[in-house]
Amino acid sequence: MATPILSVEGLRTYFYLSGGVVKAVDGVSFTVNEDEVFCLVGETGCGKSVTSLSIMRLIDHPGIIEEGRVLYKGKDLLKLPESEMRKIRGREIAMVFQNPMRSLNPVFTIGDQIAEAPMTHFDVPSRDAWKTAIEFIAKVKMPDPEVRAKSYPHVLSGGMRQRSMIAMMISCEPSLLIADEPTTAVDVTIQAQLMDLLLEIKKRRKMSMMLITHNFGLVAETGDRAAVMYCGKVVEIGSVADIFREPLHPYTQGLMNCLPIGTQRKKELEVIPGTLASPVNPPEGCRFAPRCGFAMGECKLHEPPLTAGGKDRFVACHLYRS
Amino acid sequence: MGALARYAFKKVLIGIPVVVFVTLLLFLIMKQVPGDPIRMIAGERVTQERIDELRKSWGLDQPVYIQYFYWFAKVMTGDFGYSYVTRQPVSYLVWARLPYTLELTFPALVLSYVFGVPLGVIAALGRGKSRDYVTMGISSFFYSMPTYWLGLMLMLVFGLYLRWFPISGSTSGFESLVLPMLTFTLPFIAFSARIARTEMLEVLGEDYVRTAWAKGLPSTRVILRHALRNALIPVTVMFFLDLPWIIGGAVIVETVFSWPGMGSLLYKSILRLDYPVIQGVVFIIAILIVICNITGDIVSATLDPRIRVEPEKA
Amino acid sequence: MLALKSFKETLLRLLQHRTSFAGLLIVLTIVVLAIGASVIAPRGYAETDPVNRLLPPSGQYFFGTDVLGRDLFSRIVYGARIALWVGLLVTFIEALMGVTLGIAAGYYSGIVDKAISAVTDMVWAFPPVVLALGVVTVIGPGLTQVVVAIAATSWPAFTRICRAKVQSLVNREFVLAARAIGETDSSIMARYLLPNLMPSILVVSTLVLPSAILYTTALSFLGFGAQPPTPDWGAILADGAAQLRIAPWIATFPGVFIVITALGFNLLGDGLRDILDPKLRI
Numbered sequence: 001m002a003t004p005i006l007s008v009e010g011l012r013t014y015f016y017l018s019g020g021v022v023k024a025v026d027g028v029s030f031t032v033n034e035d036e037v038f039c040l041v042g043e044t045g046c047g048k049s050v051t052s053l054s055i056m057r058l059i060d061h062p063g064i065i066e067e068g069r070v071l072y073k074g075k076d077l078l079k080l081p082e083s084e085m086r087k088i089r090g091r092e093i094a095m096v097f098q099n100p101m102r103s104l105n106p107v108f109t110i111g112d113q114i115a116e117a118p119m120t121h122f123d124v125p126s127r128d129a130w131k132t133a134i135e136f137i138a139k140v141k142m143p144d145p146e147v148r149a150k151s152y153p154h155v156l157s158g159g160m161r162q163r164s165m166i167a168m169m170i171s172c173e174p175s176l177l178i179a180d181e182p183t184t185a186v187d188v189t190i191q192a193q194l195m196d197l198l199l200e201i202k203k204r205r206k207m208s209m210m211l212i213t214h215n216f217g218l219v220a221e222t223g224d225r226a227a228v229m230y231c232g233k234v235v236e237i238g239s240v241a242d243i244f245r246e247p248l249h250p251y252t253q254g255l256m257n258c259l260p261i262g263t264q265r266k267k268e269l270e271v272i273p274g275t276l277a278s279p280v281n282p283p284e285g286c287r288f289a290p291r292c293g294f295a296m297g298e299c300k301l302h303e304p305p306l307t308a309g310g311k312d313r314f315v316a317c318h319l320y321r322s
Numbered sequence: 323m324g325a326l327a328r329y330a331f332k333k334v335l336i337g338i339p340v341v342v343f344v345t346l347l348l349f350l351i352m353k354q355v356p357g358d359p360i361r362m363i364a365g366e367r368v369t370q371e372r373i374d375e376l377r378k379s380w381g382l383d384q385p386v387y388i389q390y391f392y393w394f395a396k397v398m399t400g401d402f403g404y405s406y407v408t409r410q411p412v413s414y415l416v417w418a419r420l421p422y423t424l425e426l427t428f429p430a431l432v433l434s435y436v437f438g439v440p441l442g443v444i445a446a447l448g449r450g451k452s453r454d455y456v457t458m459g460i461s462s463f464f465y466s467m468p469t470y471w472l473g474l475m476l477m478l479v480f481g482l483y484l485r486w487f488p489i490s491g492s493t494s495g496f497e498s499l500v501l502p503m504l505t506f507t508l509p510f511i512a513f514s515a516r517i518a519r520t521e522m523l524e525v526l527g528e529d530y531v532r533t534a535w536a537k538g539l540p541s542t543r544v545i546l547r548h549a550l551r552n553a554l555i556p557v558t559v560m561f562f563l564d565l566p567w568i569i570g571g572a573v574i575v576e577t578v579f580s581w582p583g584m585g586s587l588l589y590k591s592i593l594r595l596d597y598p599v600i601q602g603v604v605f606i607i608a609i610l611i612v613i614c615n616i617t618g619d620i621v622s623a624t625l626d627p628r629i630r631v632e633p634e635k636a
Numbered sequence: 637m638l639a640l641k642s643f644k645e646t647l648l649r650l651l652q653h654r655t656s657f658a659g660l661l662i663v664l665t666i667v668v669l670a671i672g673a674s675v676i677a678p679r680g681y682a683e684t685d686p687v688n689r690l691l692p693p694s695g696q697y698f699f700g701t702d703v704l705g706r707d708l709f710s711r712i713v714y715g716a717r718i719a720l721w722v723g724l725l726v727t728f729i730e731a732l733m734g735v736t737l738g739i740a741a742g743y744y745s746g747i748v749d750k751a752i753s754a755v756t757d758m759v760w761a762f763p764p765v766v767l768a769l770g771v772v773t774v775i776g777p778g779l780t781q782v783v784v785a786i787a788a789t790s791w792p793a794f795t796r797i798c799r800a801k802v803q804s805l806v807n808r809e810f811v812l813a814a815r816a817i818g819e820t821d822s823s824i825m826a827r828y829l830l831p832n833l834m835p836s837i838l839v840v841s842t843l844v845l846p847s848a849i850l851y852t853t854a855l856s857f858l859g860f861g862a863q864p865p866t867p868d869w870g871a872i873l874a875d876g877a878a879q880l881r882i883a884p885w886i887a888t889f890p891g892v893f894i895v896i897t898a899l900g901f902n903l904l905g906d907g908l909r910d911i912l913d914p915k916l917r918i
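Here the protein sequences come in this chain order: A, B and C.
Each residue of the first sequence is one higher than the one before, starting from 1 at the first, in this note's numbering.
Each residue of the second sequence is one higher than the one before, starting from 323 at the first, in this note's numbering.
Each residue of the third sequence is one higher than the one before, starting from 637 at the first, in this note's numbering.
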């Protein structure tokens, strides 16, 4: 029986810009279980990154987490005082970011940057922390760890920088690792290596992983369960096997159709007609309705809530109600 | 240290032609100016012979580039020629006044940064809140102020009405320094606060600061160690690059307060078309600019590993 | 590229933004003052009246009179015209020079870039007051001469920004595409690059103008700028300095107006920058 480790309920995060209010995350709910790889999938701009940042409470002006609950091991993270949240970040829940070039501080060695987290969370003296840093550099499979530790980020290649980020974030042995598009900014060959590394780390430490990506191939290869997001909302949740075999939501179906599969070489590439709804002025009712081939009258009036569509399956679509 | 020293040496080498170029340009321009300095020295009722004699003795009958060459050679030995007006050696005039200018400008610059940078950082941290608006509002006010007017107003209030400080000259020791220094410092505090705020805001929005928060580091560490350390790089470099600009302000402030520094010397020399002095002062300024730029480059290389450490071909 | 659609939208945002709104108000006031000078000023700026010299501010002479009995208020109001006119002229010349050089440096790179950058850096490093004094020494004193002198010192602000922006644009597809269909360099620069630079140029202009006013009045203060009886604010201040003990109002009021004018443009510029190009560093 799967035990949940993270439970997001009704999360809403809005950004107040001078041009209007951007409802980046508008009622998102899902659960991540222990010891699984959970994928948050969707197009660029659907709100998946903002969701992860909201979980970590790293949302800054002009964004505000409006409402919702984020339950981690029984505690609602959104209600914790900042000092408590600080102890969770890096220690219990860690996050690997997308762009390793910009995510590492250019004026400190990576050894210093890796050593910082254990020094903060476990009060490890700096000399021991440095040794720990070297250990973790070895664990992320970088050659010459002692030398590497003294390097500055800008001399490293993209793949090595991402490994440094991973080392930084697992140095305190978190229970949940959120990886926000960890391989997007890296070469294809390195992508495979990094994903293997992440999965190995997950297995060895019995860590849960939440993978944020727009790459369905990655989801198919590595994911256990997944949630599909569209325009700030979750439209479908289920095991990866189920979703691929039988996508329920029309958007998911559309996405599956778009995937070029080897056996259909001679056909034209499929597309989903239309464009994303505006995050400032989303349409009434279902957000996907304007582009949906199955849209009914009700779809334009009422937003479909996320309802159960089978065993451990959820879908937000009027087609599946009643 | 080897890499840094090589970097510095390279910069110095580039600096020399700059100095030559600037002074040569000045030399040539000065020669185009209407008005014959010899006539100004000699006065009205002098024979043509005497004038030619004088011209020869000052070396002004040679072609321009020869004159420049001689001038530069002499400068290398510290001889800047003689003032047309007072007949004193230019080097003496400049040397006597340089300390006054430094005494005024250097502390002003240091104080401006010491007060201005923290103000800017505080404004950046409190972005959008009242302390941001208030600090930047006051800073914009002083930043829009002409230095000579500020000087005059300070003179008016503190010198004439309240009689706290003397309003001209440098004779009363520390007290005479207060008003001119204040005139310098206040607008510059505003300037450095603005720069500090801009740089700090820029850094605070960087991804690596977000990484630092994500590691769960305490906010003092994130702000001071991760953010500020990066923001201070351009701020510190600007300190050195702004040093020459202070000289420009010095011309005005020294004139207003009758402060016997190089700035007022330059002003008076321009009024009197005293070319040797003008050339001497400008030479010093050019050297100062080159030194400051080099120092600024070296400092930025010291502080920023991206400049001094070469990426490997991994 | 920006998400702004039009002039109207910029104007609307400008009015909503606190700082730029304040700046806009101030600038408009000064502009009104300048344009309506002949109507607003009770007397001419050169009208001397030795009987009424050095009078303190009163109902009859709002800001008092100077050593020749001229009405200070009228002089200052006419001075607004000079300040704005000079500021605009200097900014325009600087923009013309600076933008052209900047685009050329960014577009052509190589030796053209190196040469332009070297000159730009040198001019930028030199204290503007000293440089301007040098130029004025050669071409003589006077308001026009001061305009030329100051314009020659601060154009690097435009060059640096334009160069940086052009460098980031020049490798983008639309430029490569334009080249591929055979468009000439100057056509590309004018039709594709320049429009993308306009917002930044506007911001820089708004921030350079107050500096121009501050420097030109400074030069007039030192005696190299406007010649009497032109009521340049800096020149009036110079008169005021001489009379500081006896008639402090002569030195006070022109400065107040300089500060207000410069402040107005600085606030407007800051606001414009937040709206149009927040990453701009100046």
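Note that these hints are calculated values from the structure, not bench results.
Some hints here could point you the wrong way.
Straight-line C-alpha distance at most 35 Å; calculated DSBU-like pairs for lysine-lysine [claimed, not checked]:
#: 1; chain 1: C; residue 1: K644; chain 2: B; residue 2: K451
#: 2; chain 1: B; residue 1: K396; chain 2: C; residue 2: K750
#: 3; chain 1: A; residue 1: K300; chain 2: A; residue 2: K203
#: 4; chain 1: A; residue 1: K300; chain 2: A; residue 2: K311
#: 5; chain 1: A; residue 1: K73; chain 2: A; residue 2: K131
#: 6; chain 1: A; residue 1: K150; chain 2: B; residue 2: K333
#: 7; chain 1: B; residue 1: K333; chain 2: C; residue 2: K750
#: 8; chain 1: B; residue 1: K378; chain 2: B; residue 2: K396
#: 9; chain 1: C; residue 1: K915; chain 2: B; residue 2: K451
#: 10; chain 1: A; residue 1: K87; chain 2: B; residue 2: K332
#: 11; chain 1: B; residue 1: K451; chain 2: A; residue 2: K79
#: 12; chain 1: C; residue 1: K915; chain 2: A; residue 2: K87
#: 13; chain 1: A; residue 1: K150; chain 2: A; residue 2: K202
#: 14; chain 1: A; residue 1: K131; chain 2: A; residue 2: K141
#: 15; chain 1: A; residue 1: K141; chain 2: A; residue 2: K202
#: 16; chain 1: A; residue 1: K300; chain 2: C; residue 2: K644
#: 17; chain 1: C; residue 1: K915; chain 2: B; residue 2: K332
#: 18; chain 1: C; residue 1: K915; chain 2: A; residue 2: K150
#: 19; chain 1: A; residue 1: K75; chain 2: A; residue 2: K206
#: 20; chain 1: B; residue 1: K332; chain 2: A; residue 2: K150
#: 21; chain 1: B; residue 1: K378; chain 2: A; residue 2: K75
#: 22; chain 1: A; residue 1: K202; chain 2: A; residue 2: K300
#: 23; chain 1: C; residue 1: K750; chain 2: B; residue 2: K332
#: 24; chain 1: C; residue 1: K915; chain 2: B; residue 2: K333
#: 25; chain 1: A; residue 1: K203; chain 2: A; residue 2: K79
Sample of chain B residues lacking proximity to chain A, with all beta carbon distances greater than 10 Å (derived) [what the hints assert, rightly or not]:
#: 26; residue: V342
#: 27; residue: P385
#: 28; residue: E497
#: 29; residue: F562
#: 30; residue: R594
By construction, the Cβ of each residue, glycine as well, lies at the ideal position given by its N, Cα and C atoms.
(request) Starting from K451 of chain B, check that the Cα of K79 of chain A is at most 35 Å away, please. (result) Roughly 24 Å between the alpha carbons, so the hint for K451 of chain B and K79 of chain A holds.
(message) Does K332 of chain B sit within 35 Å of K750 of chain C, going by the straight-line distance between their CA atoms?
(response) Judged against 35 Å, a Cα distance of about 17 Å means the pair holds.
(request) Starting from K203 of chain A, check that the Cα of K79 of chain A is at most 35 Å away, please. (result) 31 Å, holds
(message) What's the verdict on K300 of chain A and K203 of chain A, does the C-alpha distance respect the 35 Å limit or exceed it?
(response) 45 Å, violated
(request) Mind checking the alpha carbons of K202 of chain A and K300 of chain A for me, to see if they're no more than 35 Å apart? (result) 43 Å, violated
(request) Verify the proposed pairing of K332 of chain B with K150 of chain A, using a straight-line Cα cut of 35 Å. (result) Given pair K332 of chain B, K150 of chain A holds - Cα atoms ~27 Å apart, limit 35 Å.
(request) Take the C-alpha atoms of K378 of chain B and K396 of chain B, compute the straight-line distance between them, and say whether it is at most 35 Å. (result) 17 Å, holds
(request) Against chain A, does P385 of chain B hold up as non-interface, every C-beta pair farther apart than 10 Å? (result) 53 Å, holds
(message) Hinted pair, alpha-carbon criterion (35 Å max): K141 of chain A, K202 of chain A. Please report holds or violated.
(response) 15 Å, holds
(request) Would you check the hint for K396 of chain B and K750 of chain C, treating anything up to 35 Å between C-alpha atoms as holding? (result) Holds, at about 32 Å.
(message) Check the hint pairing K75 of chain A with K206 of chain A against an upper bound of 35 Å on the C-alpha distance.
(response) Roughly 21 Å separates the two Cα atoms, so the pair holds.
(message) Hint check: K150 of chain A vs K202 of chain A, CA-CA at most 35 Å. Holds or violated?
(response) 27 Å, holds
Hints 3, 10, 21, 22 from the list above are not met by this structure, while the remaining hints are.
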